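Dock chain D against the given chain U, drawing on the hints supplied.
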Amino acid sequence: MLMLCCTLPQISLVWAENTDVQDGAHVYIQDGVVYCDVQTFTQEPYILKVIGSGSPMTVVWQFDVVQTRDYWLDKTVVSVRLGRQVIPDLVTQRWLMRDLSGGVVKYTDDAHEAMRFLTSMEHIAVVDVSVLDVQQSYMLTTTSYIHEGEEEEEGWWSSLTDWGEDMGTVALELLEQKEDE
Amino acid sequence: MSNQSISQDKYLFQMMRFSPFTLVLLLLVVIYYVWPSADHFGPTYLNWINVGLLSLLTMMIFSFGIYNFKRGKQESAGFSLRTKLVTAMVLMVLLPSLILQVTANQVINKGFDVWFDVRVDTLLDKAMKLAQGFYEDVESEMELSLSQVVSEHDFPTLEPTPLGSLVLNQYMEKLLHKYAWDRLELFDASQRLVATAERIQSNQAFGNVETRPISDAGRLSIALGRYTIDHETRQDGEYVIGYLPLLAQRRLVGLFRAEVRLPADITTTARSIESDYRTYQELNRHRQGIQETFMHILMIAMILVVCVAGVFALLFARRLTAPVEELASALKQVEAGDFDALVEVDAKDELGSLAESFNSMIGRLKYNMETLTETQSELTNALVNSRQRQYVLENLLSNLHSGVLLLDASGEIRLMNDTCKTLLMFPEHKEDKKSMYDFSEVHLKPVLDFFETLQTQELEDLQQELVISYGLQTVRILARGTLLGGEEDVFSGWLLVFDDVTQLADAQKHRAWAEVAQRLAHEIKNPLTPIKLSTERVKRRFREQVDDVKVFDTCTDAVISQVERLQRLLADFSNLATLPKPEMETVSVALLLQELRELYSPYPNLTFEGMPEGEVCCDVDQIRQVLINLIDNALATQAQVRVYVEVTHEDTRFYVQDDGPGIDENAREHIFEPYFSTKAEGSGLGLAIAQRISEEHHGQLLLLSAASPTRFCMWLPHVQPHHSREDEA
Chain U
1 MLMLCCTLPQ
11 ISLVWAENTD
21 VQDGAHVYIQ
31 DGVVYCDVQT
41 FTQEPYILKV
51 IGSGSPMTVV
61 WQFDVVQTRD
71 YWLDKTVVSV
81 RLGRQVIPDL
91 VTQRWLMRDL
101 SGGVVKYTDD
111 AHEAMRFLTS
121 MEHIAVVDVS
131 VLDVQQSYML
141 TTTSYIHEGE
151 EEEEGWWSSL
161 TDWGEDMGTV
171 ALELLEQKED
181 E
Chain D
1 MSNQSISQDK
11 YLFQMMRFSP
21 FTLVLLLLVV
31 IYYVWPSADH
41 FGPTYLNWIN
51 VGLLSLLTMM
61 IFSFGIYNFK
71 RGKQESAGFS
81 LRTKLVTAMV
91 LMVLLPSLIL
101 QVTANQVINK
111 GFDVWFDVRV
121 DTLLDKAMKL
131 AQGFYEDVES
141 EMELSLSQVV
151 SEHDFPTLEP
161 TPLGSLVLNQ
171 YMEKLLHKYA
181 WDRLELFDAS
191 QRLVATAERI
201 QSNQAFGNVE
211 TRPISDAGRL
221 SIALGRYTID
231 HETRQDGEYV
241 IGYLPLLAQR
251 RLVGLFRAEV
261 RLPADITTTA
271 RSIESDYRTY
281 QELNRHRQGI
291 QETFMHILMI
301 AMILVVCVAG
311 VFALLFARRL
321 TAPVEELASA
331 LKQVEAGDFD
341 ALVEVDAKDE
351 LGSLAESFNS
361 MIGRLKYNME
371 TLTETQSELT
381 NALVNSRQRQ
391 YVLENLLSNL
401 HSGVLLLDAS
411 GEIRLMNDTC
421 KTLLMFPEHK
431 EDKKSMYDFS
441 EVHLKPVLDF
451 FETLQTQELE
461 DLQQELVISY
471 GLQTVRILAR
481 GTLLGGEEDV
491 FSGWLLVFDD
501 VTQLADAQKH
511 RAWAEVAQRL
521 AHEIKNPLTP
531 IKLSTERVKR
541 RFREQVDDVK
551 VFDTCTDAVI
561 SQVERLQRLL
571 ADFSNLATLP
581 KPEMETVSVA
591 LLLQELRELY
601 SPYPNLTFEG
611 MPEGEVCCDV
621 DQIRQVLINL
631 IDNALATQAQ
641 VRVYVEVTHE
651 DTRFYVQDDG
661 PGIDENAREH
671 IFEPYFSTKA
681 EGSGLGLAIA
691 QRISEEHHGQ
701 LLLLSAASPT
711 RFCMWLPHVQ
721 PHHSREDEA
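Protein chains in written order, with our numbering: chain U, 1 to 181; chain D, 1 to 729.
Hints were generated in silico from the structure; no laboratory data involved. A portion of the hints provided could be inaccurate.
[As the list claims (entries may be wrong)] Mimicking EDC-like on lysine to aspartate or glutamate, the simulated pairs with C-alpha atoms at most 20 Å apart in a straight line are:
| id | chain 1 | residue 1 | chain 2 | residue 2 |
| --- | --- | --- | --- | --- |
| 1 | D | K126 | D | E282 |
| 2 | U | K49 | D | D121 |
| 3 | D | K129 | U | D110 |
| 4 | U | K49 | D | E428 |
| 5 | D | K445 | D | E428 |
| 6 | U | K49 | D | E282 |
| 7 | U | K106 | D | D557 |
| 8 | D | K126 | U | D89 |
| 9 | U | K106 | D | E232 |
| 10 | D | K129 | U | D89 |
| 11 | D | K532 | D | D557 |
| 12 | D | K178 | D | E139 |
| 13 | D | K421 | D | E465 |
| 14 | U | K49 | D | D125 |
| 15 | D | K129 | U | D109 |
| 16 | U | K49 | D | D276 |
[Claimed, not checked] Far from chain U by the CB rule (all over 12 Å, computed), these chain D residues:
| id | residue |
| --- | --- |
| 17 | W115 |
| 18 | E143 |
| 19 | Q170 |
| 20 | R183 |
| 21 | E232 |
| 22 | V343 |
| 23 | N399 |
| 24 | E465 |
| 25 | Q508 |
| 26 | V559 |
| 27 | T648 |
| 28 | G662 |
This one's a predicted model, so the numbers in the text were calculated from it and none came from an experiment. Even for Gly, the Cβ is constructed at its ideal location relative to N, Cα and C.
One chain only, chain U, in its complex shape:
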């Protein structure tokens, strides 16, 4: 368990990274915003094989900040869902990289770059610190939903059957810090 501390003008954010999964999420605060970097290593060969064989691939990343409650189900505070897609063009040997959230489209002639486009998310703004309460425990959970094809959802039952892959859970706790410290 890694314990880090970041000093802010008035409050501190303490978080812990859960390292019991092979793929991990990294959380940090910048300008009062909680950012997250996440990358999956276990799916890289599979994704490279799929996009190398010409099949489109879509990866949806979901970042959930939930309030920890001991006596009832956890309560979700923030849920961010971002999607990325790669559409191969085998004839011209180019891969179209599309950010489903921002609409940015870009071609690359390197399959590994397209694979990294899908398998890593960097500097993702998850939640503003002001949204979180002091002295309250939170959990930041990162989940990836990987499926072949250009369509993101298959149906209403997909949420029941596709539970995604847990990419890591980080405990968040805001501590009030005096200015003289």
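Relative to the frame of chain U, chain D by itself:
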């Protein structure tokens, strides 16, 4: 059906009771494997349909198993048959379905191996390489053209040539024709289109040109200051586009964009190859999932078939076993004694016929049972009456003083009371006699002879007096036999009745002898006295007058002595006839013996052995007379005589033994009869009187040994039986 077969059936039924749970476990394993995996290709609804159907089937089988288990414990009638039918029918469907499923899986696997053959893979790779090579060639040609344009000596620097001038237009047309481009556009530094040169197609109208923005590749070309190649797909086809920046002293003054339209037929083919290649790779990558899809479809079909077959089997088995169950239930009611259990006859088939036969059988059985119950009641009453009569008869027979023996025609004993056993003196240690021919003892021979006489001579009745001697006892029995029934009667046999007439015979004999004695005494005794007196008178008066005194004396003395002997004889007869009743008193045995010892002290050959303590209840004068009689008889043998006594709790036994020559066989049989004597001077009444006295004391006088040494025994009981008034009378 043998016990082994029944046990096998029970074992099979027990196995079948647990088979649903085994099947449930198997289905759960199948559900686990059917559950869609994370890397499943394609839609997963088939998996979910299978999971749903399998879950439904599992629940049905589990419910059936629970129901089966509960009913099996209750051993419901017909349930075993129903379970067997359902199981058999489901198996009849399930086994072919499973075989079909396995076969189809094998066929699918083989098919996939054919579809995804290495040659197909290689062919598609080559086709893909060919398509990619075509695009690469076009791009390479574009790159080569652009590089040649840069290296040409007349490449315009654009410094002296204003944009849009005729020279520039001619130069662009020259390039268009030289490198076979389809379109060439010139942009200024602000990326505005300033000139266009285009190859006019045969069916293209002049001036129908579109202005397109600069792509990322173009901007990259501007940034790098060198040519770049791009590829665009438009509605009218695909294009290879080359960007070439125009530099003047390292400053961008313009940008060429050259386009080559790819042949539509080739691009279509290339895209088709790409599509096929992608599809093939997807299929190849998900061949496992596709196989599973086929398997799921087959499994759905199999499950539906099995479910439908199971439902039909259940309905059919229920319809088939319901009458059997009803019959079995009715049979159980009949077994419990309820003969009103009838079965409804609904069908006309074999089961209906069976139900009719069952109802008919139950009707007859009910009638027979009612008749049987009535008969049983009557028999019970008759048996009770018979037992009552038997009880009365047995009590009557047991209280009879006569012995009763009932024999059947074959001589088997049907009835014998205890008095008969006592009278005939059956040995106690022997088993009960079952037949007349079991009377094998010596003392019972007269009884057997009596029966054989009755049987062989076919007499209707017979009466005889039998003498039975057993041990020290001799009894006289009056036996009467009567033939019972005839050939047509239910029972035929003989009834033998035995009465103890010993005392009666003795009494009659004594009474006869007493009458004889009284008559003799009356007729003979009276003349004897005058004869004796006259003879004595004659002797006194005429003795002096006779010639031969000696002869006279001898004659007169003989007359007188014989008269005296006759008088003594008559006195004995008189005693025998008028023997008084004994006056009982308790006497010391030792004292009695002492008196006798003193009386016979002169006789040295007489010894009294022992002096036992004890008392005997008797008339001492009579007993003394008996003992004197016995001792006198013994002393008459001139041999050694012994007298000894045994006193027990029950009786006293006086023994007189002599070492004389003994008594011969003929004399032995009559020795106790009156007027029988082996002595010339004896009256023959001594032993008769002694026996009479012993019997009057309810004892006996016995000759234990006739041969030497001769031994007599007088047995006297200590307890005198009470005489009834009839006996005294």
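*Checked against the structure, which of the hints given earlier come out wrong?*
4, 7 and 21
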